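**Student:** Taken in sequence, the protein lines are chains A and B. Sequential numbering from 1 applies to the first sequence in our numbering. Sequential numbering from 1 applies to the second sequence in our numbering.
Calculated from the structure, these hints are not laboratory results. Nothing here was measured: the structure is a model prediction, and the numbers come from that model. Check each hint, because a few of them may be wrong.
Note that the list lumps identical chains together, so a pair holds whenever it fits in one copy or between two copies.
[What the hints assert, rightly or not] SDA-like mimics (lysine to any residue), calculated; alpha carbons at most 25 Å apart, straight line:
# : residue 1 : residue 2
1 : 146       : 131
2 : 240       : 41
3 : 230       : 110
4 : 240       : 36
5 : 230       : 7
There are 2 protein chains.
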Amino acid sequence: MTGTHTTLNELFEPVEDGLARMRAILREQLAESSPAVRDMTDHIARFRGKQLRAALVLLCGEASGNTTDEHAAVAAIVEMIHLATLVHDDILDGAAVRRRVACVNERWDNQVAVLLGDFLYARAFALSTTLSSRLCSRLLSETTRKLCVGEIEQSAQRFEFELSAERYEAIAGAKTASLYAAACELGARYPGGNEEPGAQMAALGWDLGLSFQIVDDILDLTGTTQELGKTAGTDVEDGKVTLPVLHVYALADEGTRARIRDVYTAPGIEDRAGLLRRTVDLAPGLAFAEARARHLLKECRRRILSLSPSPARASLEGVVEFIVERRL
Amino acid sequence: MTGTHTTLNELFEPVEDGLARMRAILREQLAESSPAVRDMTDHIARFRGKQLRAALVLLCGEASGNTTDEHAAVAAIVEMIHLATLVHDDILDGAAVRRRVACVNERWDNQVAVLLGDFLYARAFALSTTLSSRLCSRLLSETTRKLCVGEIEQSAQRFEFELSAERYEAIAGAKTASLYAAACELGARYPGGNEEPGAQMAALGWDLGLSFQIVDDILDLTGTTQELGKTAGTDVEDGKVTLPVLHVYALADEGTRARIRDVYTAPGIEDRAGLLRRTVDLAPGLAFAEARARHLLKECRRRILSLSPSPARASLEGVVEFIVERRL
Chain A
1 MTGTHTTLNE LFEPVEDGLA RMRAILREQL AESSPAVRDM TDHIARFRGK QLRAALVLLC
61 GEASGNTTDE HAAVAAIVEM IHLATLVHDD ILDGAAVRRR VACVNERWDN QVAVLLGDFL
121 YARAFALSTT LSSRLCSRLL SETTRKLCVG EIEQSAQRFE FELSAERYEA IAGAKTASLY
181 AAACELGARY PGGNEEPGAQ MAALGWDLGL SFQIVDDILD LTGTTQELGK TAGTDVEDGK
241 VTLPVLHVYA LADEGTRARI RDVYTAPGIE DRAGLLRRTV DLAPGLAFAE ARARHLLKEC
301 RRRILSLSPS PARASLEGVV EFIVERRL
Chain B
1 MTGTHTTLNE LFEPVEDGLA RMRAILREQL AESSPAVRDM TDHIARFRGK QLRAALVLLC
61 GEASGNTTDE HAAVAAIVEM IHLATLVHDD ILDGAAVRRR VACVNERWDN QVAVLLGDFL
121 YARAFALSTT LSSRLCSRLL SETTRKLCVG EIEQSAQRFE FELSAERYEA IAGAKTASLY
181 AAACELGARY PGGNEEPGAQ MAALGWDLGL SFQIVDDILD LTGTTQELGK TAGTDVEDGK
241 VTLPVLHVYA LADEGTRARI RDVYTAPGIE DRAGLLRRTV DLAPGLAFAE ARARHLLKEC
301 RRRILSLSPS PARASLEGVV EFIVERRL
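So here's chain A without its partners, still in its complex pose (with noise of 0.2 Å):
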């Protein structure tokens, strides 16, 4: 995992000002004189992660040669929407491990989680309304409604087995694509204006952030909790059947179809992922998965490669390769 960070953080160095900026913001607007506050931002800023939609908002910018004063500002807020939504997951996914430090709803209680996510979300938001344009309080505004709902409806969609792989992408799409979509849209965009090339970078983003979910959803069935940093298995604890499992049901006889449903369902089974692994032949679901993710990515190479050579363009490049290094 070292290697790959280092790969990003050399993959973001066209924008190394505007990302430093934006960790100067993230700093300032998670400083709170409350002290009950401050003691839990503190402990958020240690799982900071790859800040990679912030990265996002400032290559788009720099590929789109769209790069404004107020850029790192709108990176921070996209990052600290990306934050809200982490710490309120958490009490969703009952992950125990996210980036091996223990997460909020672990340290305080539900309550407290909640209520952090909340105040990330107010943050963002006013931080948002005091920038010269509104388009980033609108876009995002609208992006976070889309994601709680494509959130509602996964949850309203756990232990359905025969989701059509469509709608699987929509869900699956509003619930993580659309910050991507928001994230890349803006780099373009903002402050006004530039709705074609808003609407290309707005593409990309969707199919981007669309593969990482894929993959991310393919990891959580193969790979363990020490190579992700974070708990693996928790999909089929859940409940969600993701894009591999919905194919290998939709292929598969009446006897695996209820086996599958058996190892998602009944009582007492401990490792349900591991189980899950053993009794039901994977691999032509996991090959579907991984065929439609590097599809998804090749339309993000195709659109990269519409935009003119820049190291920022280079680097969108980059993130391509990143999301297919992860294992695909």
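Given the structure of chain A, go ahead and fit chain B onto it with the hints provided.
**Tutor:** Showing chain B alone in chain A's frame:
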């Protein structure tokens, strides 16, 4: 309770057109094409409550001679933020009954309550970004941040028996009064300018909200679940040491203090609020809190009477009476 409700509706008469438009906007905003989301928003529509905050936007607008076509939308946004806090509060409080309709987190689970609250916040901010002025987005995102900080502080101060009355009011104010203050300020100021009347109405809203909260704290100690239409005694259950108890504790001898701490913390107690009432003389604390609420409401009346006479001004006076009548 029916009596006071009729009275409130009568008080809202000067702004009933605006309230009808506010409700139409709210319905439209909660309508979402996702069936899973609609299921939930249909449900919360049933516990719509008094809509007092929305009415305050409109009444303060009318009473200040500052009503615009957009005031109904501003009122709907305030109400959505209030709904979001209620939904997330149900996770916080473990309250079992809210307005005699099962709360969201009992019909669904915590996950979904978190997401529904997030959805309501996002909807509210998205709507605010469509208004002609940014004042509403700015004031309400700032207010939401304050709200969260207040809730986090309150959570951090559980079982804190030596909180000063000032500190208690600062936290209760941030948690509750800040949204009342924003509602009243927006009514008087939206779309902008009018700083002085805005500051006056913000102060009115703050005192109104704080006295409302103090009355709530009193009723949680003295009322029954049936009278309140929501679970009584949850403050003691949740370790929230409210103004009446803080006052009694501050004046008590060490034996009584130990008894109070025991009632809050000893394991296995069924009805902590009941036990507290039976074993500790709360009367001086209740009288102190009541006097404080009455003082705040007197300040409210003074501020209201500085406005020119109008039906809306008379209704604001009626709102003050409504808070008194709840039990003071």
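**Student:** Given identical chains, is residue 240 near residue 41, meaning Cα to Cα at most 25 Å, within a copy, between copies, both, or neither?
**Tutor:** between (30 Å within a copy, 23 Å between copies)
**Student:** Up to 25 Å between alpha-carbons, please classify residue 230 paired with residue 110: within, between, both or neither.
**Tutor:** This pair counts as both: shortest intra-copy Cα distance 19 Å, inter-copy 22 Å.
**Student:** Have a look at residue 230 and residue 7 and pick one of within, between, both or neither, based on CA distance no larger than 25 Å.
**Tutor:** within (20 Å within a copy, 55 Å between copies)
**Student:** With identical chains, the pair residue 240 and residue 36 could be close in the same copy or across copies; at 25 Å between alpha carbons, which is it: within, between, both, or neither?
**Tutor:** between (34 Å within a copy, 16 Å between copies)
**Student:** Given identical chains, is residue 146 near residue 131, meaning Cα to Cα at most 25 Å, within a copy, between copies, both, or neither?
**Tutor:** Answer is both: 22 Å inside a copy and 20 Å across each meet the 25 Å cutoff.
Consistency note: the structure conflicts with none of the earlier hints.
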